[in-house]
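Enquirer: In order, the protein sequences belong to chains G and Z. Residue 290 in full-length UniProt numbering sits at position 290 of the first sequence, with consecutive numbering throughout. Residue 211 in full-length UniProt numbering sits at position 211 of the second sequence, with consecutive numbering throughout.
Mixed in with the good hints there might be a few duds.
Which copy? The list can't say, so a pair holds if one copy fits it or any two copies do.
[Stated by the list, open to error] Derived pair list, reagent style DSS-like, types lysine-lysine, alpha-carbon separation capped at 25 angstroms: (1) K80 <-> K339; (2) K336 <-> K149; (3) K80 <-> K309; (4) K309 <-> K214; (5) K311 <-> K339; (6) K336 <-> K311; (7) K149 <-> K214; (8) K339 <-> K149; (9) K336 <-> K80; (10) K263 <-> K339.
Treat the hints as calculated values from the structure; they're not laboratory data. Note that the coordinates shown come from a computational prediction; the quantities given were computed from them, not determined experimentally.
There are 2 protein chains.
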Amino acid sequence: METYRGVIERYREWLDVPDHLQVISLLEGNTPLIPMPRLAEELGGGFDLWVKFEGMNPTGSFKDRGMTVAISEAVGRGVKAVICASTGNTAASAAAYASRAGRRAIVIIPQGKVAAGKLAGAIAYGADVIQIDGSFDDALNLVVEISQKHPIGLVNSLNPYRLEGQKTAAFEICDVLQGAPDWLCLPVGNAGNITSYWMGFRQYHQARQSGLPKLLGVQAEGAAPLVLGHAVEHPETVATAIRIGRPARGEQALQAAEESGGKIIAVSDDQILQMQRRLALHGLWVEPASAAGLAGLAQEIRQQRLNLKGKRVVAVCTGHGLKDPDIIVRQFSSPKIVKPELRSLEEIILGEVSHE
Amino acid sequence: METYRGVIERYREWLDVPDHLQVISLLEGNTPLIPMPRLAEELGGGFDLWVKFEGMNPTGSFKDRGMTVAISEAVGRGVKAVICASTGNTAASAAAYASRAGRRAIVIIPQGKVAAGKLAGAIAYGADVIQIDGSFDDALNLVVEISQKHPIGLVNSLNPYRLEGQKTAAFEICDVLQGAPDWLCLPVGNAGNITSYWMGFRQYHQARQSGLPKLLGVQAEGAAPLVLGHAVEHPETVATAIRIGRPARGEQALQAAEESGGKIIAVSDDQILQMQRRLALHGLWVEPASAAGLAGLAQEIRQQRLNLKGKRVVAVCTGHGLKDPDIIVRQFSSPKIVKPELRSLEEIILGEVSHE
Chain G
1 METYRGVIER
11 YREWLDVPDH
21 LQVISLLEGN
31 TPLIPMPRLA
41 EELGGGFDLW
51 VKFEGMNPTG
61 SFKDRGMTVA
71 ISEAVGRGVK
81 AVICASTGNT
91 AASAAAYASR
101 AGRRAIVIIP
111 QGKVAAGKLA
121 GAIAYGADVI
131 QIDGSFDDAL
141 NLVVEISQKH
151 PIGLVNSLNP
161 YRLEGQKTAA
171 FEICDVLQGA
181 PDWLCLPVGN
191 AGNITSYWMG
201 FRQYHQARQS
211 GLPKLLGVQA
221 EGAAPLVLGH
231 AVEHPETVAT
241 AIRIGRPARG
251 EQALQAAEES
261 GGKIIAVSDD
271 QILQMQRRLA
281 LHGLWVEPAS
291 AAGLAGLAQE
301 IRQQRLNLKG
311 KRVVAVCTGH
321 GLKDPDIIVR
331 QFSSPKIVKP
341 ELRSLEEIIL
351 GEVSHE
Chain Z
1 METYRGVIER
11 YREWLDVPDH
21 LQVISLLEGN
31 TPLIPMPRLA
41 EELGGGFDLW
51 VKFEGMNPTG
61 SFKDRGMTVA
71 ISEAVGRGVK
81 AVICASTGNT
91 AASAAAYASR
101 AGRRAIVIIP
111 QGKVAAGKLA
121 GAIAYGADVI
131 QIDGSFDDAL
141 NLVVEISQKH
151 PIGLVNSLNP
161 YRLEGQKTAA
171 FEICDVLQGA
181 PDWLCLPVGN
191 AGNITSYWMG
201 FRQYHQARQS
211 GLPKLLGVQA
221 EGAAPLVLGH
231 AVEHPETVAT
241 AIRIGRPARG
251 EQALQAAEES
261 GGKIIAVSDD
271 QILQMQRRLA
281 LHGLWVEPAS
291 AAGLAGLAQE
301 IRQQRLNLKG
311 KRVVAVCTGH
321 GLKDPDIIVR
331 QFSSPKIVKP
341 ELRSLEEIIL
351 GEVSHE
């Protein structure tokens, strides 16, 4: 086992980063590519399926891959603080990497739009959390203005180094499979991730003829601007991580899907939650948005739109289920209460076991 | 990058497991060993410090290392269901690996002793959660009885294969550092983990002369039977993962600490929470129990009981902070609310930045 030193050290020659980079890493990346043969069978069979489980990053989501690069660049050019507008995974990741570097993270959130639990990460990692009496767009505009006027690094998705870091997930998949899969399924919200994967696969392919996957990008029906062809003013979906009506990288995502011979589709919240539950029953607990890619794959297979015979399919699960436990707890009825006696317990357990 | 296939495939020759093992893995293990040079300086300096971050396992805690072996053994001998008494990390891990194997997990919990949030994992992974109108000891006695009478696998800490799997963390540390560290600091609750580490380090040392660490086992003051020398009837600590009054492996843990030339000490809840906060401000958010090892190290250094000059120290952080977000949210006052104007935001942000 070699000493692993994070995605920048591992893939530096492939990243378009400036010399002033000062590497700040929490040993993100190197996430497992988990074979899912039983799930592939359930979905129709005849193909190989893996889940790239990005929930196994230091702060529990894929955001860490891009954040290590964004923060390393900002610190290298001497910023004392970084700033972002975010309500979830980006905030936690920015806060963690800023703290790792001994810098301040400032997180701007729109008032009343953020559940306390969802911000626990940013708070835990010591970010300075400021609510504004305005919308998310107001917050985004303000952080851009601030970062242009002051030596405060902008680490929102507009930061190009985020994409550079996120490319590394494509490299890892190619390294493990010794080539690109035939299909890559993933959730699409702000569309930075699908853009990054495509950049990564193309780059590896140009240098190494590793092949190119078709991309199946999946949005939630209530937040599907790239499927509808126009912005969504009030996006709504249970998959909060992809509840975005104006994707920052929408054009690039559409182009990537088309170039690859794939597409961007939408699935319902029901389909997302069903797939989340199904994945958990295969041992993988992911946050709702993370189930969208596989929910889309299942829909395409059901509608006989894909011929996967003999193909290799990778589904990206972007965040850990621990990020959003409330959605589980809400659905959960109180457990049965039994007397502490062997017989009572046997009755309830064996009655159930014998039905297997 | 080689295909990683989990701790059993990686270290099978080192594990005492039966031939009937049928490997069930979620690609647990291979967790990062994160260098902490700045924290080492803050604690006094002169030594090298790493954190073995076990929160980066599939279900968010070190339990997955042992569970992959326990479930692989149980499935290999044909059980249709596994059972455990647990209120936290073990339940989630058992449920995940049982689901991965297509088997049922039954989790017995004492009524009223478990917060809904703490069980979200077990529920998410589809475990059958049953409350009994009794104590944790009642629950433990019942699961032992049930597993002796029926073909239901017991995966509580009494299961010896759990320890076999947990040994692999010691192997990983030796592989990365090319030898054992001088000190290993870790939290001690049920004492299975310190026992496993010691087994692992000794085994590697016998075969490879990799050296042996001194063990610094750390309990919480309100749940410190191994420091007090007697069981604690009503253990109390904020570090719920080590809130145990009668450790299953107490004797083995004491012997391990003594053999190694180390010791088992206790720290207060305040010390634990302070170290949890401090670690997060270095970019690592761990659950409270996970901070105990480093809190103990800090105390020993402060009291000048350790000479660490030139030494290599590894601290084990057993679970991710996402496992217990409530403790963060509870301490958090509502964020400041600001008008969505550049000037208002500048005032609040720059006022603070300029104090850096």
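Enquirer: Work down the list of hints and note, for each, if the structure agrees.
Expert: Evaluation of the provided hints:
1. K80 <-> K339: Answer is between: at 24 angstroms across copies they meet the 25 angstroms cutoff, but 59 angstroms inside does not.
2. K336 <-> K149: between (59 angstroms within a copy, 22 angstroms between copies)
3. K80 <-> K309: Intra 53 angstroms, inter 32 angstroms, cutoff 25 angstroms: neither.
4. K309 <-> K214: within (15 angstroms within a copy, 55 angstroms between copies)
5. K311 <-> K339: neither (52 angstroms within a copy, 54 angstroms between copies)
6. K336 <-> K311: Neither way: K336 and K311 sit 44 angstroms apart in one copy and 52 angstroms across, limit 25 angstroms.
7. K149 <-> K214: Neither way: K149 and K214 sit 41 angstroms apart in one copy and 53 angstroms across, limit 25 angstroms.
8. K339 <-> K149: between (66 angstroms within a copy, 18 angstroms between copies)
9. K336 <-> K80: This pair counts as between: shortest inter-copy Cα distance 21 angstroms, intra-copy 53 angstroms.
10. K263 <-> K339: Neither. Shortest intra-copy (55 angstroms) and inter-copy (41 angstroms) distances fail the 25 angstroms Cα cut-off.
In this structure, the earlier hints numbered 3, 5, 6, 7 and 10 are contradicted, and the remaining ones agree with it.
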